[in-house]
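Student: So the chains spell out like this:
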Amino acid sequence: MKKRSTRKAGALALVLTAALAVTACGSNNASGGEGDAEKPVNLIWYTIGAPQKDTDKVMAEVNKYTAEKIGATVTMKQIDFGDYNQKMGVMAASGEPMDILFTASWAFDYVQNARKGAFMEIDDLLQTHGKGIVETLDPAFLEGSKVDGHNYGVPANKELPAQSVWRFNKQQLDQLGMDYKQATTLESLEPFLKAGKEKLPGVLGLKIDTNFTPTVPYDYLIQNLPIAVALNGDSSKIVNVLETPEMKQALETMHKYYKAGYISPEAATITSTSDLDKTGKWLIDRADTQPLADNTWSASLGYPIVSTPASESIVYNWSVMGSLQAISANSEYPEKAMEFLNLLNTDAKLRNLIDSGIEGTHYKLTGDNRMENLPESKNYDMPTFSLGNVMLTYLNPGDPDDKWEQFKQFNEQGRPSPALGFNFDTSKVSTELASLQNVKAEVWAPLMTGTVDPAAYLPRAIEKMKAAGLDKIIAEAQAQYDAWKATQK
Amino acid sequence: MNGLAGFFRSLNRNKAILLMVLPGALWFLIFSYIPMAGAVIAFKEYRVSRHGFIDSVISSAWVGLDNFKFLFSTNDAWIITRNTLLYNVVFIVIGLVAAVAMAIVLSEIASKRMSKLYQTGMFMPYFLSWVIVGYFAFSFLSLDKGLLNQALRGIGLDPVNWYSDPTYWPFILVFISLWKAIGYNSVVYLASILGIDRSLYEAAMIDGANKWQQIKNITIPMLTPLMTILTLLAIGKIFYADFGLFYQVPRDSGALYSVTNVIDTYVYRGLKTTGEFGMVTAAGLYQSLVGFILVITSNWIVGRVNKDNTLF
Chain A
1 MKKRSTRKAG ALALVLTAAL AVTACGSNNA SGGEGDAEKP VNLIWYTIGA
51 PQKDTDKVMA EVNKYTAEKI GATVTMKQID FGDYNQKMGV MAASGEPMDI
101 LFTASWAFDY VQNARKGAFM EIDDLLQTHG KGIVETLDPA FLEGSKVDGH
151 NYGVPANKEL PAQSVWRFNK QQLDQLGMDY KQATTLESLE PFLKAGKEKL
201 PGVLGLKIDT NFTPTVPYDY LIQNLPIAVA LNGDSSKIVN VLETPEMKQA
251 LETMHKYYKA GYISPEAATI TSTSDLDKTG KWLIDRADTQ PLADNTWSAS
301 LGYPIVSTPA SESIVYNWSV MGSLQAISAN SEYPEKAMEF LNLLNTDAKL
351 RNLIDSGIEG THYKLTGDNR MENLPESKNY DMPTFSLGNV MLTYLNPGDP
401 DDKWEQFKQF NEQGRPSPAL GFNFDTSKVS TELASLQNVK AEVWAPLMTG
451 TVDPAAYLPR AIEKMKAAGL DKIIAEAQAQ YDAWKATQK
Chain B
1 MNGLAGFFRS LNRNKAILLM VLPGALWFLI FSYIPMAGAV IAFKEYRVSR
51 HGFIDSVISS AWVGLDNFKF LFSTNDAWII TRNTLLYNVV FIVIGLVAAV
101 AMAIVLSEIA SKRMSKLYQT GMFMPYFLSW VIVGYFAFSF LSLDKGLLNQ
151 ALRGIGLDPV NWYSDPTYWP FILVFISLWK AIGYNSVVYL ASILGIDRSL
201 YEAAMIDGAN KWQQIKNITI PMLTPLMTIL TLLAIGKIFY ADFGLFYQVP
251 RDSGALYSVT NVIDTYVYRG LKTTGEFGMV TAAGLYQSLV GFILVITSNW
301 IVGRVNKDNT LF
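Protein sequences appear in the order of chains A and B. For the first sequence, UniProt numbering begins at 1 and goes up steadily by one. For the second sequence, UniProt numbering begins at 1 and goes up steadily by one.
Hints in this document: simulated from the structure, not taken from any laboratory. There could be a bad hint or two in this list.
Said to hold, decoys possible - Per label pair, the in silico range of CB-to-CB distance:
#, chain 1, residue 1, chain 2, residue 2, range
1, A, 77, B, 16, 27 to 33 Å
2, B, 64, A, 361, 37 to 43 Å
3, A, 197, B, 129, 58 to 64 Å
4, A, 303, B, 129, 31 to 37 Å
5, A, 69, B, 291, 29 to 35 Å
Claimed, not checked - In silico EDC-like pairs for lysine to aspartate or glutamate, Cα to Cα no more than 20 Å straight-line:
#, chain 1, residue 1, chain 2, residue 2
6, B, 272, A, 425
7, B, 145, A, 266
8, A, 259, B, 158
A quick note: this is a predicted structure, and the numbers were derived from the prediction, not measured. All residues carry an ideal CB built from backbone N, CA and C; glycine is no exception.
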């Protein structure tokens, strides 16, 4: 008896070590045989958004369709917006099996992760298995989402430029009897805010939170770090935005508004203004627009919103890279993955199935390309912009027939930023960047929200950033930018 | 061979105890010892290869000590080191005194039911997440709706913008940290006090010792070994700051960084957008190394004073 239990323990130990060795080393099969309708291959797809109750149900339908069409099935795994960066970062770095994944300039950073090797280069795959994508997309999307000359992701066909607008809460505005079209610059808001302060007690003039940065005509190379290229005038120099006359003036105006009580005294620390959204006790705020945005905002807030441009319509890197699906570097079936992305961006049936769910269960068709949500749709509510070609999706009740025409027009109006296509490679300055991020976290919000006096605070902030290595980062960016400019034309 | 046979014989003789150790040992092996090999990432520029994690580590380029530079390169290096060390020293000292005092008070409460009630009440905050504690604090400190400012207004004083004035935060942070941890720590000491032989107190009482003399001459000396061990363990973590306390409770307010920025929050803010794994690993390795050195040193000092109280 005694002998046997020792042997058992020994065997157990062996099994455990073996199991450890296997999990530690991981096993990566060479790319397997191609699937067909009989024996489809399975693609693992990570995308952004809150996991939905009916995802499995819908994906079962999707798989029936895709198995027949391209010989592949998909397992969709959703990660919520707040967790996406961190979870994908760990999963991609540790080699978790996956084939397709969502990436963007604002979530699981597309450019940086392409450089770190997380995505597969898809230049050839696009030509061989992704013809439909190349034909459908505005060429600016594929051109603008190149990293060091190569494509690493399939951009969603959606709005291309970005434009800020001043949004007015129409209920409050009507009591002032003023014309919102008069608002253009930050300075032009003063009469509205002044009248609001006098006639609308308890209503906040300018609704901003800790993420607010005044709009200035510069293209930031890294979001919210003051390293930027001027949109107008001399666009050959990389400048520190905090030292530009436009930013200085904007900060002075913000501080004036803050002192006058047009801005919440807690603006520098509050992360959300959803309480004001609910009560409607605000007059003006700023947002990024797209065609028909006023309707969407009015519907989601529950009271009428009108808006007027606060900036030019510009095509930036980050607006082109607003939503992409990439193929993972460790994908076992890259060709199938590209075929699936091709279908997703060209096939209205598949696109709407993944977007809105099963016809008759989650939605009903009310016209050729028009639909209406059914009550069940609450169990399958997906972020439309993240799932490929938006212009294939059915229209909602209230959308005009020419909705997608308006999008195309909007895209044509956008002027390309001088730095469009230039992606700053930060790997040589990552030490300085980490220090700068800390300084930025400390000084940015109080300045941008007008909470502190720029006359005293701005020079100190600039000095701190220089101490953290801002000049070295700008010099490195300038060298790369010059080299990039030389390759253009 | 003889040695091996002897090894197996002793293995067999102690198998009941060894089996009890097994889960813990495996846990440490899997979650502490094997991952230690990953510390090598601290000296590499980590890049993903398509053949999995191990291959990525091997194929990434060596960069020497480059990954450590960001921890020391600016003025912030001094601030975060100072804040981390000073706060932890204060937490250790005040935490020890308060927990022992509270444990003694609890052990002296005659009514068993009341004693349990106080214990449970003090224990509760330990289970709250820092996010929730952060909102508790906000409900007191909010500029326009906070309880404190309403009270200040009530007695005719000017409200304070708590989240942009660093002067109060060292006290607020120490208070909140103490409030959250004291229940848990005092229960550990309470258990030890209840294990002290009652006959010692009876003998002391017969000799005419009063309560204070009993505490000073019996309770505290009996608690000293436990106090030393727990303090030594705390010193090992002196370079780790409680992230939730320093990030969630001050609501990440930039104006407060001079007194709330610690190593952990600095690393988080610096790397959350770039996600350089090499630099994150370097920060962790640095913290562990300093902790390791401090534990070894303080253990050695304790050993010079009294051999019985050392950790190992």
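Student: At the C-beta level, are residue 64 of chain B and residue 361 of chain A separated by a distance inside 37 to 43 Å?
Tutor: violated (59 Å)
Student: Do the Cβ positions of residue 303 of chain A and residue 129 of chain B conform to the proposed distance bound of 31 to 37 Å?
Tutor: 35 Å Cβ-Cβ, so the 31 to 37 Å window holds.
Student: Taking 20 Å as the top limit, are the C-alpha atoms of residue 259 of chain A and residue 158 of chain B close enough?
Tutor: Between residue 259 of chain A and residue 158 of chain B the Cα gap is close to 17 Å, so the pair holds against 20 Å.
Student: 27 to 33 Å was suggested as the range; check whether the CB atoms of residue 77 of chain A and residue 16 of chain B agree with it.
Tutor: violated (44 Å)
Student: Between residue 145 of chain B and residue 266 of chain A, does the CA-CA distance stay at or below 20 Å?
Tutor: holds (11 Å)
Student: Keeping to a limit of 20 Å between CA atoms, is the pair of residue 272 of chain B and residue 425 of chain A held or broken?
Tutor: With Cα atoms ~17 Å apart, residue 272 of chain B and residue 425 of chain A stay inside 20 Å; holds.
Student: With 58 to 64 Å as the target window, see if residue 197 of chain A and residue 129 of chain B comply at their CB atoms.
Tutor: Violated, at about 39 Å.
Student: May I ask you to test the hint 29 to 35 Å on the CB atoms belonging to residue 69 of chain A and residue 291 of chain B?
Tutor: Given range 29 to 35 Å: violated, Cβ gap about 57 Å.
In summary, the structure is inconsistent with hints 1, 2, 3 and 5 from the numbered list given earlier, while agreeing with the others.
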